[in-house]
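Visitor: Below are the chains, spelled out letter by letter.
Protein chains: 4
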Amino acid sequence: MAKSTFEYVKTFELDDSLLPNTWIVVRIDGKCFHKFADDHNFTKPNDERALKLMNYAAFHVVKEFNELLVAYGQSDEYSFIFKKNCQLYNRRQSKLLTTINSKFTASYVYYWDMFFKGERLKYPPTFDGRIVLYPTEENIIDYLKWRQADVHINNLYNTTFWTLILKGNLSPTQAEKRLCGTVSADKNEILFKEFNMNYNKEPEIFKRGTVLLRKSVSKENSGKPSAVIVDIHDDMLKEKFWHKHSYLFKNSK
Amino acid sequence: MAKSTFEYVKTFELDDSLLPNTWIVVRIDGKCFHKFADDHNFTKPNDERALKLMNYAAFHVVKEFNELLVAYGQSDEYSFIFKKNCQLYNRRQSKLLTTINSKFTASYVYYWDMFFKGERLKYPPTFDGRIVLYPTEENIIDYLKWRQADVHINNLYNTTFWTLILKGNLSPTQAEKRLCGTVSADKNEILFKEFNMNYNKEPEIFKRGTVLLRKSVSKENSGKPSAVIVDIHDDMLKEKFWHKHSYLFKNSK
Amino acid sequence: MAKSTFEYVKTFELDDSLLPNTWIVVRIDGKCFHKFADDHNFTKPNDERALKLMNYAAFHVVKEFNELLVAYGQSDEYSFIFKKNCQLYNRRQSKLLTTINSKFTASYVYYWDMFFKGERLKYPPTFDGRIVLYPTEENIIDYLKWRQADVHINNLYNTTFWTLILKGNLSPTQAEKRLCGTVSADKNEILFKEFNMNYNKEPEIFKRGTVLLRKSVSKENSGKPSAVIVDIHDDMLKEKFWHKHSYLFKNSK
Amino acid sequence: MAKSTFEYVKTFELDDSLLPNTWIVVRIDGKCFHKFADDHNFTKPNDERALKLMNYAAFHVVKEFNELLVAYGQSDEYSFIFKKNCQLYNRRQSKLLTTINSKFTASYVYYWDMFFKGERLKYPPTFDGRIVLYPTEENIIDYLKWRQADVHINNLYNTTFWTLILKGNLSPTQAEKRLCGTVSADKNEILFKEFNMNYNKEPEIFKRGTVLLRKSVSKENSGKPSAVIVDIHDDMLKEKFWHKHSYLFKNSK
Chain A
1 MAKSTFEYVK TFELDDSLLP NTWIVVRIDG KCFHKFADDH NFTKPNDERA LKLMNYAAFH
61 VVKEFNELLV AYGQSDEYSF IFKKNCQLYN RRQSKLLTTI NSKFTASYVY YWDMFFKGER
121 LKYPPTFDGR IVLYPTEENI IDYLKWRQAD VHINNLYNTT FWTLILKGNL SPTQAEKRLC
181 GTVSADKNEI LFKEFNMNYN KEPEIFKRGT VLLRKSVSKE NSGKPSAVIV DIHDDMLKEK
241 FWHKHSYLFK NSK
Chain B
1 MAKSTFEYVK TFELDDSLLP NTWIVVRIDG KCFHKFADDH NFTKPNDERA LKLMNYAAFH
61 VVKEFNELLV AYGQSDEYSF IFKKNCQLYN RRQSKLLTTI NSKFTASYVY YWDMFFKGER
121 LKYPPTFDGR IVLYPTEENI IDYLKWRQAD VHINNLYNTT FWTLILKGNL SPTQAEKRLC
181 GTVSADKNEI LFKEFNMNYN KEPEIFKRGT VLLRKSVSKE NSGKPSAVIV DIHDDMLKEK
241 FWHKHSYLFK NSK
Chain C
1 MAKSTFEYVK TFELDDSLLP NTWIVVRIDG KCFHKFADDH NFTKPNDERA LKLMNYAAFH
61 VVKEFNELLV AYGQSDEYSF IFKKNCQLYN RRQSKLLTTI NSKFTASYVY YWDMFFKGER
121 LKYPPTFDGR IVLYPTEENI IDYLKWRQAD VHINNLYNTT FWTLILKGNL SPTQAEKRLC
181 GTVSADKNEI LFKEFNMNYN KEPEIFKRGT VLLRKSVSKE NSGKPSAVIV DIHDDMLKEK
241 FWHKHSYLFK NSK
Chain D
1 MAKSTFEYVK TFELDDSLLP NTWIVVRIDG KCFHKFADDH NFTKPNDERA LKLMNYAAFH
61 VVKEFNELLV AYGQSDEYSF IFKKNCQLYN RRQSKLLTTI NSKFTASYVY YWDMFFKGER
121 LKYPPTFDGR IVLYPTEENI IDYLKWRQAD VHINNLYNTT FWTLILKGNL SPTQAEKRLC
181 GTVSADKNEI LFKEFNMNYN KEPEIFKRGT VLLRKSVSKE NSGKPSAVIV DIHDDMLKEK
241 FWHKHSYLFK NSK
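Chains as they are written, first to last, in our numbering: chain A, 1 to 253; chain B, 1 to 253; chain C, 1 to 253; chain D, 1 to 253.
Among these hints, one or two may not hold up.
As the list claims (entries may be wrong) - Here are the simulated lysine to aspartate or glutamate pairs, EDC-like style, with alpha carbons at most 16 Å apart:
| hint | chain 1 | residue 1 | chain 2 | residue 2 |
| --- | --- | --- | --- | --- |
| 1 | A | K95 | B | D29 |
| 2 | A | K187 | A | E202 |
| 3 | A | K240 | A | D142 |
| 4 | A | K10 | B | D234 |
| 5 | B | K215 | B | D234 |
| 6 | C | K95 | D | D39 |
Calculated directly from the structure, the hints in this document are not laboratory data.
From just these sequences and the hints, can you work out the full model?
Guide: Structure below.
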């Protein structure tokens with residue numbers, strides 16, 4: 001029963017430390033969430049309950065790890081960004097990746113009932129994840145812009161697509177055909193002219209996703225600064241956002 | 001709003017494919033499960049509900065991925081072993097690791113109530129994970145033996161430790177002191193002479209952990225072979241086990 | 001001048017140890033050797049001096065590292081194979097790769113004059129290299145077969161191509177056109193019917209490349225076993241070769 | 001002879017692309033150069049011929065690769081720094097590493113006679129190498145400072161050590177003992193008081209190593225800018241150096 005005879009197998013565990021002084025992005029994605037959404041009667045094109053559950057699960061992840069600087073979520077994906085100088089778990093890739101991924105998944109299942117009242121969770125959902133490193137402030141900002149540009153493009157499409165189906169009585173195939181080759185302006189016009197919808201007035205959470213930020217606030221009575229996590233739906237593609245939140249990447253060297 | 005301006009950030013995602021023709025072990029571990037066990041009143045030294053929940057969550061993982069050959073669990077850890085020639089997700093490390101880890105975590109939370117009747121899950125648990133590759137049949141078998149030798153050593157210690165406390169009325173410090181420097185034979189003797197316990201008669205699931213295997217069985221009516229997943233608690237340190245299950249690693253080239 | 005202020009940069013050096021218990025292949029390749037061969041008047045299609053210099057440089061590499069089991073060279077490339085259990089430099093990838101690569105390059109330049117009498121080395125040549133791991137005996141044997149099948153295909157083509165030019169007075173373009181779409185049998189026939197050449201009688205070193213092996217021989221006077229490095233040009237695609245040299249991969253566990 | 005049967009072994013070659021937008025340092029080091037220096041009668045503590053040969057070999061490396069920004073050499077090591085946005089060989093690690101390493105080694109052997117007149121190269125030398133990535137301008141500058149601080153510390157020690165032996169008639173053991181526990185000021189004082197040597201007047205190439213830089217100069221007749229590679233021995237630990245050469249890392253984004 002000598003454990004030591006077999007312990008050599010431990011030498012097959014290779015070091016996977018991440019390059020120091022780089023932003024660490026952990027992005028997780030719902031697996032087969034198209035089917036999952038159907039199975040759980042998600043409202044089309046956006047289900048506010050589902051987005052808020054995503055945000056709430058992400059909030060619990062950010063709350064647990066002080067070295068998380070910002071998180072950004074949209075649809076069934078969430079990106080968590082660690083500070084450049086993060087030393088959590090000695091920057092071991094697998095450890096960082098799985099801890100975030102598991103904590104998020106567990107929270108999603110655990111808090112389901114809080115958001116989906118009356119809609120039973122039929123089976124456990126799965127999220128996959130990956131880690132990407134970014135060396136500069138410019139790169140990490142472009143990363144966030146990339147994800148937010150993605151939600152804009154997808155949401156405008158989905159909103160028009162589902163409006164054509166739900167209000168315009170088109171079949172999915174007809175709606176797809178109708179939108180084929182259209183640009184943003186065309187879709188805005190369809191919504192406005194045919195359905196009297198102003199896309200700009202759609203909820204920000206749908207159009208822009210959710211940014212979770214640590215913010216320093218003064219406590220009312222004591223005046224002492226205290227960190228809180230806030231969720232905002234601002235436009236990260238505007239430079240204004242980065243001026244306002246310049247402390248984010250500057251401070252965290 | 002040109003998505004393409006930012007899309008260059010995608011080039012920072014590096015390929016992480018695993019070496020072909022090697023056994024892939026995904027091992028997951030409960031994070032801070034000492035505290036988690038206390039917070040949820042786990043029976044000491046072993047909580048059958050907790051072990052069975054682990055097994056049930058692992059069963060759902062194995063069921064979902066045909067390329068999983070065998071899984072082995074003990075305490076708050078589980079190892080999942082993919083076939084050598086597994087091509088799932090093109091053997092991308094992060095994808096394999098997070099999918100297994102997330103599916104297990106979600107199942108653990110989802111099926112909690114089925115095993116812990118009357119014990120509310122107070123907060124979402126977290127599991128971390130890692131991937132280790134093994135090139136030969138001998139290595140992968142030694143890996144499983146290593147994990148099972150580990151459970152033996154720990155369980156004999158824990159069983160004696162908690163018996164000294166619960167039945168012998170020692171404090172944890174006294175029990176620790178008593179066991180300091182003892183070998184297996186000493187612990188067996190303490191249990192037998194002082195508490196009339198035969199360690200060998202302890203439940204196999206405590207002493208050996210649980211092996212989940214795919215097995216081919218004949219259907220009663222049709223006679224057609226069908227694959228089922230069975231859980232056994234056999235001694236993998238004995239060669240007999242490997243003769244009996246030699247098909248496992250031989251067939252899977 | 002405090003060195004310690006800057007020493008943190010050492011933490012950016014990441015571990016690159018290779019998976020244990022796998023065959024390590026270091027393959028090096030001449031960079032721009034088409035031009036290098038022209039600049040140094042290599043005989044077409046094969047230059048025996050060049051091949052022998054490659055072999056001699058490789059011989060010095062094998063001689064230096066006892067953990068090298070076998071080497072195989074053809075054209076301007078050489079593969080060096082370390083034993084599975086090689087622990088040289090703790091299996092650090094960069095160290096193994098560059099040491100072999102540099103030793104080979106230095107030897108190639110250093111011994112040039114020994115083989116290229118009267119042909120001055122006009123400029124320093126460059127070789128690049130890579131490491132590939134193979135988990136099983138079957139894989140590593142197939143690797144060597146792959147390289148030798150490659151030399152066969154290329155050499156039959158090149159021999160026919162250059163015969164058409166040098167003896168058949170075709171231009172390179174005409175020769176290329178003539179060979180377009182031909183299979184092995186066609187090329188053998190061109191050589192035989194048009195130029196009275198039997199390809200099978202071409203030198204083995206051209207047709208099969210060179211295998212460098214460590215071999216155990218008995219010393220004449222003492223009878224003590226002693227290891228020598230031999231160069232052979234046998235057909236590794238035949239199973240006979242592997243029966244004869246079965247000790248190679250079997251012993252080296 | 002079907003090559004395709006074995007071609008599957010190519011799938012074992014894994015991608016090793018380096019993270020984009022990071023400075024790539026290739027550092028090479030002489031292997032067993034203590035012995036090599038003895039075998040070739042290197043002057044102690046510094047051999048100008050050897051340093052100039054290192055510089056000349058490095059010059060040929062820098063000349064060949066436009067994407068090399070700067071190189072720094074001291075003793076038997078040389079660091080080559082690629083631009084952040086370098087795309088050479090698609091940033092494949094092994095390719096970059098071995099090409100630089102091999103080109104340097106070949107040049108060292110090839111140009112030996114130009115510097116070591118009358119001293120025959122007795123055997124081919126070997127250099128090993130590694131790649132390290134640095135994400136920011138600050139990190140890469142600190143890297144160069146680290147290497148130069150290293151040469152300062154070593155050279156002051158070696159100069160005093162060999163002066164005690166060569167001029168002070170101490171044995172190596174006595175010299176080592178004498179220097180044990182001394183700081184820089186002590187060594188400067190030994191040189192000055194006992195041997196009338198002002199360390200500051202030692203040749204810059206010994207004290208600071210050599211920096212190879214690409215510089216833009218105007219051609220005399222045409223006035224057109226042209227790039228040349230210059231070798232300087234300035235103090236990189238002074239901020240003045242970085243102001244003067246600020247174009248180096250700024251321009252190369």
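Visitor: The structure should be examined with respect to each hint, and the outcome stated for every one.
Guide: Hint by hint, here is what the structure shows:
1. A:K95 - B:D29: OK: A:K95 and B:D29 at ~10 Å, within 16 Å.
2. A:K187 - A:E202: Holds - the C-alpha atoms of A:E202 and A:K187 are around 14 Å apart, at most 16 Å.
3. A:K240 - A:D142: Between A:K240 and A:D142 the Cα gap is close to 14 Å, so the pair holds against 16 Å.
4. A:K10 - B:D234: 23 Å, violated
5. B:K215 - B:D234: 15 Å, holds
6. C:K95 - D:D39: 24 Å, violated
Of the hints listed earlier, those the structure fails to meet are numbers 4, 6, in rising order.
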